[in-house]
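S.K.: One-letter residues, chain by chain:
Number of protein chains: 2
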Amino acid sequence: MMNTEETPDHPFDRAIALEALGEGRWVARTQAAYANMIGPFGGATAAALMQSVLRDPRRIGIPVAFTVNFASPLADGAYEVGTSLMRTNRTTQHWSVGATQSGAVVATGTAVFAMRRQTWSRPEAQPPSSFVPFDRLPRAPGVRRAPWVDRYDMRYLTGGLPSVWDGTEAADATSCVWLRDDPPRQLDHASLTALCDAFMPRIYVRRRLAVPIGTVTMTTYFHADDDMLAAQGDRPVLGVARASSFRNGYFDQSAEVWSADRQLLASTCQLVYYRE
Amino acid sequence: MMNTEETPDHPFDRAIALEALGEGRWVARTQAAYANMIGPFGGATAAALMQSVLRDPRRIGIPVAFTVNFASPLADGAYEVGTSLMRTNRTTQHWSVGATQSGAVVATGTAVFAMRRQTWSRPEAQPPSSFVPFDRLPRAPGVRRAPWVDRYDMRYLTGGLPSVWDGTEAADATSCVWLRDDPPRQLDHASLTALCDAFMPRIYVRRRLAVPIGTVTMTTYFHADDDMLAAQGDRPVLGVARASSFRNGYFDQSAEVWSADRQLLASTCQLVYYRE
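Chains as they are written, first to last, in our numbering: chain A, 1 to 276; chain B, 277 to 552.
One chain only, chain A, in its complex shape (with noise of 0.2 Å):
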C-alpha cells in the first residue's frame, strides 16, 4: 500500500496528520498510540504545532527555534491548530502557534525558521566520549499507562527509571540513553520534535518517587538542518538529560539529542511542574 498523506502508515504520521481548515488553521487528532496518563504525549501535540508550520505555504526555511507552552491537557479527540505569521524577514520567519479543543486554549508557542547557510562553524559541547552501542544494550520496559513509552526503544547507559519506587534518593538526575521511533522511522524536524519531549521526568530518576508531574513549556534549539537529518535516517539518536533544580514545584531539565555520527542534532529544555 502506498503512504500518501491520507492513510500514513507509521503512527507518528497519524500523530501529526493535519486537515487543513483555512490559511494557518488545521484540524489534528490525538492518537491512542501516544496516549500519556492524562491526556496525549505532550511531545506529539508539540510536533503537530510545528509540523503546521512545516505544511505552511507561507513557510521559509527550516525550524531553529520552538517554544511549546502546555496550558491544560488535551481530551482525547480533534483538536485545533493554528498558526499566525507574524514577521518575515529576509532569512528568518517568526511564527505564532497554538492549539484550542472545544474552544479552550490548550497550548500556546511560537518557533523561528531560517534560511541556514554554510558559515564558519565549530562544535563546543561534546558526546559521551565512550558509550555502549544501541545493539549490545537491553530495551528499557514500557511504563504503566504510558502507551506512548512503546513509540520509542530506549535504552539506556545511565540513568534509567529506578527499579524500586521507595524515595531512597539517586545522586543525581543525569541519564545518557538511546533513544529511536518504534517502528524506526527516517527523522525529520517534526519527529525531533517530539523526540526532545521524550526524556523521562528528572524527579523519576532523582527522588525515585511516583508524584504527580506534567511539563509547562519546552523550548528546542535545531542544530539540524535538512542534510542533517538526513544522514542520521532512522539510526537512534543519543541523548543526555539532566535538571539543574528541583524547587517548590517545579523543575528544570534539558538535554542534547546527538546523531549516530556524533553531531548535535537539538538542545533542548523544559521546565516541569510537580506536586508534593
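In case anyone wonders, no lab produced these hints; they're calculated from the structure. What you were told as hints is all true, and nothing was included just to trick you.
According to the in silico footprint, chain B covers these stretches of chain A (three or more CB under 8 Å from chain B):
(1) 109 to 116
(2) 220 to 231
(3) 265 to 276
So these bits of chain B aren't anywhere near chain A, every CB distance computed over 10 Å:
(4) D289
(5) A308
(6) A311
(7) R331
(8) V425
Covered stretches of chain B (chain A as the covering partner; in silico rule of three or more C-beta atoms under 8 Å from a C-beta of chain A):
(9) 396 to 408
(10) 488 to 496
C-beta atoms are modelled at their ideal positions from N, C-alpha and C, and glycine is treated no differently.
The hints should help you fit chain B onto chain A, whose structure is shown.
M.R.: Below, chain B without anything else, positioned relative to chain A:
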C-alpha cells in the same frame, strides 16, 4: 526626591516604565542608557515585556518561564507592548506577549506565571566551587557603541572578552562572571530577565572576531521567588555561560545565574544569529 512611578530614578526603571493604554496594552520607550549597536539592548526589551505582565491586574503568581523572540531591531523611541491572557488555571497562567513599532511586529513571546508553594526541593547543578570575590576583581571595560554594557558592573573570573580580536580561537566559549546593575538596584523578576541577556555573545569569547550577531530568541526559567530575590538584594550575582554549537549562522548559549548565597536564581538559554 521621591522615587515615583512617573519619575523613576534608576535607568533600568525608565527602561521598563510603561504607560497604560488599555487592558493588555502599554507604551514603553527605549532608553539611551540601554542602547546597543543596533537598537536597544534586547534584555531591556525583554524586561519591559515581562514588566507588562507583572503590572497586569489580571496576573496571578510570579514568573516561572519566559520566552521572547526578537523579530527585528527596535528603532529608538516609543514601542507598543501587548499582552494576551491565554489561559488561567488554578495555580498557573499562560500569557502571550509582543511588541510592535509603527504597526510592525518587533518581538513576540510567551510567559508562564505560577503560584508556587513549598514542596520537596533539591539543588542539582552546583555553582563554581571556588571563586575570587567580586570586590577583589577589576571591572571589565565597556564596549564601544554598546552603552548598555556600562549598566552592568561585570567582573570576569574566566572567559572575558578578548583583548586582541585577531580570530585566533579560544579553547572554549565558557565564562564565569560577576554581574551587578550599575548603579546597584534590588534584584526583581524584571531585572533578572534583563540580566539573563547580559552575557556577552559566546562567539566573541570563542572566536575572538567581531562578526555581526543578534539574539533571535531567549528563554528563561525562574527558580527564584520573591523571598529569594529579597534575600539577594542588590548584591552581585555569579553567572556561568557556555555554548554547545556554532553552526551555519546560529549558535546557542545557556547560562545559570547564582545568588550571592549560592542559590540558583535562573537558568536561561538563547539562540543567536551570526554572519560569516
